[in-house]
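Let's have the full structure, built from the sequences with the hints guiding it.
As you go down the protein sequences, you meet chains B and H in turn.
All residue numbers for the first sequence refer to full-length UniProt numbering, where the first residue is 1 and numbers rise by one.
All residue numbers for the second sequence refer to full-length UniProt numbering, where the first residue is 1 and numbers rise by one.
Hint data in this document are derived by calculation from the structure and do not stem from the laboratory.
All of these numbers come straight from a predicted model, not from anything done at the bench.
Be careful, since some hints might not be right.
[To be verified] With a straight-line Cα cutoff of 25 Å, these simulated DSS-like cross-link-like pairs (lysine-lysine) come out:
hint, chain 1, residue 1, chain 2, residue 2
1, H, 211, H, 61
2, H, 391, H, 318
3, H, 432, H, 220
4, H, 347, B, 107
5, H, 215, H, 347
6, H, 432, H, 211
7, H, 432, H, 61
8, B, 107, H, 211
9, H, 61, H, 220
10, B, 329, H, 61
11, B, 107, H, 220
12, B, 329, B, 260
13, H, 347, H, 211
14, H, 291, H, 318
15, B, 107, H, 432
16, H, 220, H, 347
17, B, 260, B, 248
18, B, 107, H, 318
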Amino acid sequence: MNLELETLALVFWCLLGVAVFMYALLDGYDLGVGMLLSGSESERDRMVASIGPFWDANETWLVLAVGILLIAFPAAHSVILRELYLPALALLVGLILRGVSFDFRAKAISPLRPLWDHCFRFGSLLASLAQGYMLGRYVTGFADGGLPVLFACLSALCVAAAYVYIGSAWLVMKTEGELQARALRWLRLSGALTLLGLLFITAFNLLVRPEVAARWLHGTGLVLLVVLPALGFVCLWWIERALGTLYKNASCSCSRTARKPFFGVVTLFLLAFSALGYSYFPYVIPGRMLAIDAASAAASLQFILWGVILVLPLILAYTAFSYRVFWGKSEDLRYY
Amino acid sequence: MEPELLNTLALSRAQFALNISFHILFPSITIALAWLLFYFKLRFQLSGHPVWMRIYRFWVKLFALTFALGVVTGITMSFQFGTNWPGFMETVGNIAGPLLGYEVLTAFFLEATFLGIMLFGIHRVPAWLHTLATLLVAVGTSLSAFWIIALNSWMQTPAGFVMENGVAMPVDWWAIIFNPSMPYRLSHVMLASGLTACFFVAGISAYRLRKGDAKQAPRKALRVALLAAALIAPLQAFVGDLHGLNTFEHQPQKIAAMEGVWHTENGAPLLLFAWPDETRQANHFPVAIPKLASLILTHDPNGEIRGLNEFEHTPPVKPVFFGFRIMVGLGLLMILMAWAGVWLTRKGRGMPGWYSGALVAMTFSGWVATLAGWYVTEIGRQPWLVTGVLKTADAVTTLPAGNVSFSFTVYALVYAGLLVAYLHTVFYMARKSVAVEEYETQPLALQGASV
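Structure follows, in structure tokens:
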């Protein structure tokens, strides 16, 4: 199998998309739980325990995404990280703080625990905002000026809201009782905010970016412009119905209904992400650099592609296995 | 070069050195500690003796803490290439990229996923699967070391590529991965991790004993660590010697700096101590063993060692010279300590207080030796980033120095805080385990059956 550079560039463009999506989905929920960390000590423990077995592997998707960018599109990698030097620093500091707080809070002396909980919350918030800001800067091709920066700031809030949304859906699925009831309220509120954010970003892109509008307002784009939001509203309706049942009937907290909102939000993320991908295909920096122009040597991409083909299914398999092992309500926080 | 750029270069180098020095501390413990954990778990699995489970449970907590610090500082590393060294990926990205990619694909996901099962899954999976998860974490950490050392070795002794328009193109992946210095460097680094983990385990166990821990667990763990160190330390001296011969062949200017040889000489002495003087190209206050350096490196007491005068590009001498002596000195001390310890604790004897005190003092001696060795090999490669291909100064970013000095300050502050918190927590956990061993509140026989 010897692929042309053009094909390889597209394959890696898609792989980059998969890695970023998996990251947003998986670290999204655990960052969301981090931002929501509150309540009594045992409730906080329960929240942390629900993401304990997963956060580390979730974060690895970010390393993979940055890795693919570095390996497959080094020219874009240099531009992106140069433009986003300071927000990337904020992201890293946020991830460092929450990553270590997670372990320190479980092992440190009790008087220090509230401090580590603060670090955990603050780190999660900082990392989420930084990611949203970076995304906002990225989709405008790092355009300078007041409007793009304002857009990036709003994008920061939207991404944070979306992470809280998926995080509270995760908690609805993984917890019971009073904590679950609180998670239901968070889910409603952050759902409304996320929806508002999505509408705003869509409108902004269609109004301010003529090339994006051109893609969406003709042919296939026009069909997608109707189908994707329609599917999104079906998801929202489905989530809302599950919420209604859960509100009315607290005793069904263990039932399958508690899982529905999470999978609804996952589908919403997928829809929003497809729309993003469709808007900018096949740019690796929107409006500035095409995937093919930034691609590495074919021999290198070919070499790493073998690894991806062999290993990625394996990674997905044992990730699925790990979720199966920890399926069901989260247990007490215990380290062995 | 513009003063601004010069500043960016100096700051970027300092920042990268800070990041990688801080990051390396944690993998240098976890790579080998993962194998020790696998050993403890296997002993429990085979004997069913609860003491092995207690040892496992104590050390797996310290492993998790250390691992988390390694993960978060490692993510920082993956961003640094793009933020501070764009020239690196632009010139050798076709080779460095896939090696880093294989590290993520084969190692990172494996260790991160099975770590979750190892830490939280003990009651949710069968015992054999939990032991397998421990093994897979150990395999993952070692694979990670394999790929990163392959890349680092390639930067030291590049092979298997051609240059096209100033960009390195891969020709032979086998030659790239198993480049001339790779097998020596990999074994040297793996053994260094072994010593770092052994002295870490021995130091913390000795600390528990000194705090009055009368349980069997710290004594057994201490004994295992000392026995392992007693085997690894002399092996490391042997491998280190082979590694030196390999460097002598491929990077003679690094050897010249390590040995403080300013002018090519036959029958060069081994300098135990000296004060190298770059301006006068000479050593002050030398304490030397005649002809020994030549004997070690050429197996001939009158063999020729090329001096720094023969090379167009030479590394700074002082850090390489002193780093090498610190590493070797600590290595020799480790051999002595490990052998003394095995002798003193034979047949379950108690240790004298001076010895356990010395062990506590050496808890993090592996860190010092590893960092010293790392500086020898990395500074010894300067001014090259990739030997003969790319100079460090040509790879640096064009970012304003202000940005880099800001990020440098932030990293330095965060890392200083983390280091204090880490050391504090490690010793706190050791003290806590003396008074309350929380898993002793459950009947051990039952635990044995369930795990």
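Against the structure, the hints:
1. H:211 / H:61: Within the cut-off at roughly 20 Å; holds.
2. H:391 / H:318: Status holds; Cα separation ~20 Å.
3. H:432 / H:220: 18 Å, holds
4. H:347 / B:107: 34 Å, violated
5. H:215 / H:347: 17 Å, holds
6. H:432 / H:211: 10 Å, holds
7. H:432 / H:61: Cα-Cα ~13 Å, so holds.
8. B:107 / H:211: 19 Å, holds
9. H:61 / H:220: Given pair residue 61 of chain H, residue 220 of chain H holds - Cα atoms ~18 Å apart, limit 25 Å.
10. B:329 / H:61: 23 Å, holds
11. B:107 / H:220: 23 Å, holds
12. B:329 / B:260: Holds. Residue 329 of chain B to residue 260 of chain B sits at ~14 Å (cutoff 25 Å).
13. H:347 / H:211: Holds. Residue 347 of chain H to residue 211 of chain H sits at ~22 Å (cutoff 25 Å).
14. H:291 / H:318: 22 Å, holds
15. B:107 / H:432: 10 Å, holds
16. H:220 / H:347: 12 Å, holds
17. B:260 / B:248: 16 Å, holds
18. B:107 / H:318: It is violated: about 41 Å lies between the C-alpha atoms, which goes past 25 Å.
In summary, the numbered hints that this structure violates are 4 and 18.
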